[in-house]
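Can you build the whole structure from these sequences, using the hints too?
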Amino acid sequence: MANTARPAVPHVSMQRAGDHAATTRHLFLLPYLIVFTLFRFGPIVVGWLISLTRWSLFGSPRWIGAANYRALWHDPLFWVSVKNTLAFTAMAAPTLILGGLALAVLLDQPLRGRHLARVLIFAPYAVMSAVVGVLWNWLYDTNFGIVNYYLGLVGLPSIAWLTNEHVALAAIALTTVWWTVGYNMVIYLAGLQEVPTELQEAGIIDGATFWQRFRYITLPLLAPTTYAVVILTMINTGQVFDQIYVMTAGGPGTATLTLVQYMYYQAFQTYNLGYGAAVAYATFVALLLITLGVQRLFRPEAAV
Amino acid sequence: MTRTLVRAVLYLAIIGAVMAAILPLIWMASTSLKPEGQILSYPPRWLPAKPTTENYASVLRRFKFGRWTLNSIIVAVAGTGLVVVVDALAGYALARLRSRGSDLLFALIISMLLVPIQVTVIPLFLLFAEFHLLDSFTALILPVTSNITGVLLMRQFFMGFPPELEEAARIDGAAEARIWWSVVMPVSGPALAAVAALTFVSSWNSLLWPLIAINSDRVRTLPVGIAQYMGSHAGASGSAPAYGPALASATMATLPALLVFFLLQRYFVRGISTTGLKG
Chain A
70 MANTARPAVP HVSMQRAGDH AATTRHLFLL PYLIVFTLFR FGPIVVGWLI SLTRWSLFGS
130 PRWIGAANYR ALWHDPLFWV SVKNTLAFTA MAAPTLILGG LALAVLLDQP LRGRHLARVL
190 IFAPYAVMSA VVGVLWNWLY DTNFGIVNYY LGLVGLPSIA WLTNEHVALA AIALTTVWWT
250 VGYNMVIYLA GLQEVPTELQ EAGIIDGATF WQRFRYITLP LLAPTTYAVV ILTMINTGQV
310 FDQIYVMTAG GPGTATLTLV QYMYYQAFQT YNLGYGAAVA YATFVALLLI TLGVQRLFRP
370 EAAV
Chain B
-17 MTRTLVRAVL YLAIIGAVMA AILPLIWMAS TSLKPEGQIL SYPPRWLPAK PTTENYASVL
43 RRFKFGRWTL NSIIVAVAGT GLVVVVDALA GYALARLRSR GSDLLFALII SMLLVPIQVT
103 VIPLFLLFAE FHLLDSFTAL ILPVTSNITG VLLMRQFFMG FPPELEEAAR IDGAAEARIW
163 WSVVMPVSGP ALAAVAALTF VSSWNSLLWP LIAINSDRVR TLPVGIAQYM GSHAGASGSA
223 PAYGPALASA TMATLPALLV FFLLQRYFVR GISTTGLKG
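Going down the list, the protein sequences come from chains A and B. Residues in the first sequence are numbered from 70 upward in steps of one, following our numbering. Residues in the second sequence are numbered from -17 upward in steps of one, following our numbering.
Among the clues, some could well be false.
[Claimed, not checked] Across the chosen pairs, the derived CB separations fall in these ranges:
id, chain 1, residue 1, chain 2, residue 2, range
1, B, ALA31, A, TRP142, 56 to 64 Å
2, B, LEU(-13), A, TRP142, 16 to 24 Å
3, B, PRO17, A, TYR219, 22 to 30 Å
4, A, ILE103, B, VAL169, 26 to 34 Å
5, A, TRP132, B, VAL169, 25 to 33 Å
6, B, TRP28, A, ALA271, 28 to 36 Å
7, B, THR35, A, PRO130, 47 to 55 Å
8, B, ALA39, A, LEU288, 52 to 60 Å
9, B, LEU22, A, ALA140, 41 to 49 Å
10, A, ILE103, B, LEU86, 41 to 49 Å
11, A, ALA156, B, ALA31, 57 to 65 Å
12, B, ALA39, A, GLU234, 54 to 62 Å
13, B, LEU29, A, ARG183, 23 to 31 Å
[What the hints assert, rightly or not] Computed footprint of chain A on chain B; a stretch qualifies when at least three of its residues, placed anywhere within it, have a C-beta under 8 Å from a C-beta of chain A:
id, stretch
14, 177 to 184
15, 245 to 254
It should be emphasised that the hints constitute simulated quantities derived from the structure, not laboratory data. Computed from a prediction, not measured in an experiment: that's the story for all the values here. Heads up, the beta-carbon is just placed ideally off N, CA and C, and yes, glycines get one too.
If you want it as structure tokens, here you go:
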């Protein structure tokens, strides 16, 4: 009896130590849970509730149900900003994704100076968005900017990059590519390191050309990386704000008014907080639908 | 023969990409050193004929540029410090507490990555207004701590961390907090550096929330100052600076960031690769 009970004693105390450890580790989570709830999860939920009210900064909120969303549906400026956001994403996202992939494949080749080139191409990412806007305002200057100067040298006419309503959004998309393509390159370079070299070598032995190896070995193995890059890029381009705020502030006219610009305008320039929140939520739902679409397209086997 | 040709084309492509990336920055620094008359000279000159610091002096004289810089440093350093501690604790707990509850919690946290941050700014504005904390460092620093990428990175790191070390310490009777601090933290340097590098840059560059939360030079950060006084808005407010001072302030804001970036670039790369590959 005593003999059988004895081994159980250390077991029980170990168990208790384990419980104690688990409790401590729950305490480890506490600081993050507090800030996450207060500054992320809470605001996300409350934002939805605010979008169901009429709330001007100087009055008290009034519950109006889905009226803001019905108003959005009939709001031409909202649809202009939807169209501009989609157009911006359609121009910037594919360029950022394919450009990042091309640069990564290029700088993965055994060439001299590739490490330095990677750092330099990634460097614009370290420049703050406000500076990116100020710098490119100047580069794009219609009369004195160097972009038009060099276009002139090869015989092309001057372009009013930021003041022509048909060009401004594309000009900002180009600036965005310059600024962040290095980020996608870095992710793709990491993805390329996970492609086993044996497969590439087998491809070479079988006489596959570079393009065939890329198409049938590298690209399929990069699918999970591409999935991550596509999602990150879509979310970031769909939320574009900073560059536009600094470069054109939505203009000329409404040519570069995007969804986040419009949210900012409604909530913090005319102080329609409820309506602004509805714009923000509509943006969220649009991005979510795009993300789910991408997810269906890729169906990655391994989720998070 | 074709091999040499292919290599030549590849090198040309690399040189082209590098030039496209850095020439605008070189142009920015060079133009900031030109006297007002030369800035608008045609054809443009890549090197200023008579370099001058007058643009820099003008920025420092007309704007509280030093104050903005100090504010940016305060916000970024405090925010990064808090994030590193909070995320290292939470990431460790999430990696080591394997229960259905903690997995669910982690899934909830990660799913919030898909919610654009813009959704939170209106509620945050009202929250800080309620406590009379708008236009304060508190309003700028606290929301940074709810960052999700850092928790994701730390959890990923601790998942790959061999549990034997902690178990040895546990058998010796060390308390959990002590194990975390003296066994786990000392070997987590690279992961902490990756989280710190990413957090610092995102806080340093952050524009939208500070723009909303701030309206005085006392706490105005660099991006807000530059955007408000040097961007397209400046024209409307009647204080549009000439290009010289605008580019001088842009250069001053960029040089420290680039320096930090070149020193810490492998931590950036590590952080970004991990979020991209495993996020």
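Now for the hints, and whether the structure bears them out:
| no. | hint | in the structure |
| --- | --- | --- |
| 1 | B/ALA31 x A/TRP142: 56 to 64 Å | holds (59 Å) |
| 2 | B/LEU(-13) x A/TRP142: 16 to 24 Å | violated (58 Å) |
| 3 | B/PRO17 x A/TYR219: 22 to 30 Å | holds (23 Å) |
| 4 | A/ILE103 x B/VAL169: 26 to 34 Å | holds (27 Å) |
| 5 | A/TRP132 x B/VAL169: 25 to 33 Å | violated (54 Å) |
| 6 | B/TRP28 x A/ALA271: 28 to 36 Å | violated (49 Å) |
| 7 | B/THR35 x A/PRO130: 47 to 55 Å | holds (52 Å) |
| 8 | B/ALA39 x A/LEU288: 52 to 60 Å | holds (54 Å) |
| 9 | B/LEU22 x A/ALA140: 41 to 49 Å | holds (47 Å) |
| 10 | A/ILE103 x B/LEU86: 41 to 49 Å | violated (18 Å) |
| 11 | A/ALA156 x B/ALA31: 57 to 65 Å | violated (42 Å) |
| 12 | B/ALA39 x A/GLU234: 54 to 62 Å | violated (38 Å) |
| 13 | B/LEU29 x A/ARG183: 23 to 31 Å | holds (29 Å) |
| 14 | 177 to 184 | violated (count 1) |
| 15 | 245 to 254 | holds (count 4) |
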